Amino acid sequence: MRIEDKIKELIVTALTKSQGMNNDEINEVGLELSRNKNNEHGDFSSNIALKLSGKLKRSPMVVAEEIINSIHVSDELERTEFVKPGFINFYLSAEKKHSVLEEITSKGKAFGSSCVSEKKKILLEFVSANPTGPLHVGHGRHAAFGDSLARLLRKSGHEVFTEYYLNDAGRQIDILCVSVMFELLLLEGQKLGQVDGLYKGSYIKEIAGGLREEGVAINKKISLAKASGSDDEIVDALILEFKDVAGDELFQMVLEKTVLQMTKLLKDDLSDFRVRQDGFYSEKSLFSEGRIEEACGIIKKNGNAYERDGALWLESTKYGDDKDRVVIREDGRSTYFASDIAYHHHKKVRGFDLLINVLGSDHHGYVSRLEAGLASTGNKVSDLEVILMQFVTLYRGKKKIQMSTRSGNFVPMRDLYSEVGVDAARFFYVSRSHDQHLDFDLELATKQNNKNPVYYIQYANARIKSVIKENEKRGYLFDEALGKSNLGKLKLPIEEDIISLLGKYPETILKSSNSREVNKIANYLKSLSQLFHSYYGSTKFVSDEDGLRNARLLLLKCVSTVIEDGLDILGVSAPTKM
RNA sequence: GCGCCCGUAGCUCAACUGGAUAGAGCAUCAGCCUUCUAAGCUGAGGGUUAUAGGUUCGAGUCCUAUCGGGCGCGCCA
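Under this note's numbering, the residue at position 504 of the first sequence is numbered 504, and the numbers go up by one with no gaps.
Hints may contain errors.
[What the hints assert, rightly or not] Result set (DSSO-like, lysine-lysine): computed pairs, CA atoms no more than 27 Å apart in a straight line:
1) K577 x K465
2) K399 x K119
3) K399 x K200
4) K257 x K300
5) K300 x K318
6) K284 x K300
[Unchecked claim] Simulated DEER-style distance windows between Cβ atoms:
7) S117 x E76: 20 to 26 Å
8) S573 x E40: 35 to 41 Å
9) E256 x S106: 23 to 29 Å
10) S534 x S113: 36 to 42 Å
11) V29 x S113: 29 to 35 Å
None of these hints come from the bench; they were simulated from the model.
Quantities reported herein were computed from a predicted structural model and do not represent experimental measurements.
Beta carbons: idealized from backbone N, C-alpha and C, even for Gly.
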């Protein structure tokens with residue numbers, strides 16, 4: 001039984017004894033026990049007297065005193081007290097507090113694991129950027145967050161499968177293909193003007209160059225003359241013309257090779273950033289496997305679809321959307337939305353309890369539609385959880401860098417992490433809450449990479465490793481048993497603070513996991529490191545006194561275990577030397 | 001116009017989800033290496049938590065309005 005629950009039990013019996021309350025009445029008020037921020041008010045506190053005072057028509061201080069007088073103090077508690085507004089504080093015995101260190105020593109990195117009460121099978125989808133260019137710094141935030149969230153959810157006990165939805169069908173891919181063919185024609189010596197709507201990055205030229213080396217050739221005359229109007233209209237005309245002139249077979253061949261190349265590019269961008277995607281789900285497969293028709297069949301069968309103006313509409317307003325949405329267009333082609341309905345339905349069919357999507361905040365208007373899609377295929381809306389990621393604004397010094405994928409005018413995430421390092425980039429990305437805008441100053445990140453908080457944490461761990469090494473160098477062998485039996489000698493206030501914070505690691509994992517706030521882990525590690533550095537500055541660890549020395553080394557090893565485990569969740573390395 | 005998100009020290013962010021005196025880093029100033037790594041430590045200054053009301057024992061956190069910033073409202077993806 002956890003100590004929290006024991007204390008709660010003590011309060012409940014005290015309430016029945018002193019106030020004559022039964023369990024129902026207590027539940028109605030709500031019994032809370034919170035862990036204290038700073039130790040000056042004890043380890044745990046309860047606000048129950050404050051909550052009851054109105055009901056009982058007596059001052060909170062009086063109620064608190066009555067409760068405390070009926071509390072039977074167990075030997076795990078040092079003492080209890082009631083204080084100013086009406087809080088009741090609980091102080092744990094030194095022995096009870098120190099037991100955390102023994103727990104960490106025996107469990108190692110499993111300390112704080114599997115703390116969640118209901119284990120779920122989760123599909124976590126993130127990044128899912130169109131394979132039309134390298135991932136940029138905005139995607140970097142999604143990648144770092146998504147991957148860390150996956151690690152956090154796993155740590156807390158869930159089963160997680162990460163997935164990248166690959167848009168390998170549709171207009172954007174046609175444009176990508178035309179862009180490559182366009183370059184190929186230029187390589188073949190054909191003189192062509194400028195077309196604004198096409199992808200321009202160097203990677204397009206590389207793919208075209210590679211195709212030419214493989215012997216792929218178009219060798220047909222393309223005239224841009226037919227195309228006129230807006231960028232979009234010109235591009236659409238070009239797609240038709242290229243399909244016509246090159247022929248379907250050649251077009252499909254170039255398209256497939258291009259998508260393959262682009263996907264490899266994305267996978268490398270991610271894996272070099274230590275981001276693991278367990279699967280890449282092909283949009284194209286939704287067509288070839290007949291999943292779109294299947295999904296349309298289901299929404300029709302469920303009475304959620306109707307035909308109007310030659311198109312098939314989903315009655316999404318039934319499920320809270322602003323208006324109904326087209327699923328199959330007048331010309332018979334399905335919409336992007338249709339793909340999403342089919343995709344998300346298939347996620348459920350594959351047996352996942354919970355679907356988490358990490359989306360850019362610009363997609364928030366799309367959320368109710370996704371929910372409607374899920375509901376209309378007979379799934380629960382609550383099975384979908386969307387995490388909206390705010391934008392990254394990139395600066396170089398004071399200057400804002402504007403980004404656009406199509407023009408190739410963006411900063412690839414690879415440039416960012418090769419410049420500042422994977423550790424610093426990942427930490428910086430996840431140390432801000434996802435609903436907060438993120439200003440990323442490249443100049444600052446490069447110039448000050450030594451001052452990045454991630455080094456502060458890594459340095460704390462490296463220092464501990466160094467102390468352990470020094471201990472051995474001086475001929476002292478670490479004696480775990482001796483350390484354990486001397487934990488009572490850890491009496492410095494800073495030692496008590498560290499032990500107390502270590503004890504909060506499991507609940508930090510649990511809370512961050514439940515609220516999907518990876519940044520809480522980063523903040524926790526900063527606090528722990530700060531305490532350690534302060535401890536380091538004021539205390540000599542390698543001393544002649546065997547008992548104290550081993551107790552302190554045990555404490556340091558526990559700090560190191562937790563730091564390494566926490567950094568692991570963030571996907572940041574923990575060097576032993578810096 | 002309607003809807004969603006955000007507003008905390010000069011800058012970048014915390015604050016355990018409604019708790020006790022709102023905390024760190026950067027920048028500024030003053031100290032600390034004969035001693036386990038100075039990528040560190042110790043101290044100082046810096047705030048009407050955008051503004052105005054409200055809810056209650058108690059509000060940075062919840063509700064309303066206003067101001068300011070970001071984003072979204074296609075048979076696009």
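Here is what the structure says about each hint:
| no. | hint | result |
| --- | --- | --- |
| 1 | K577 x K465 | holds, 8 Å |
| 2 | K399 x K119 | violated, 46 Å |
| 3 | K399 x K200 | holds, 24 Å |
| 4 | K257 x K300 | violated, 37 Å |
| 5 | K300 x K318 | holds, 14 Å |
| 6 | K284 x K300 | holds, 22 Å |
| 7 | S117 x E76: 20 to 26 Å | holds, 23 Å |
| 8 | S573 x E40: 35 to 41 Å | holds, 36 Å |
| 9 | E256 x S106: 23 to 29 Å | violated, 54 Å |
| 10 | S534 x S113: 36 to 42 Å | violated, 28 Å |
| 11 | V29 x S113: 29 to 35 Å | holds, 34 Å |
In this structure, the earlier hints numbered 2, 4, 9, 10 are contradicted, and the remaining ones agree with it.
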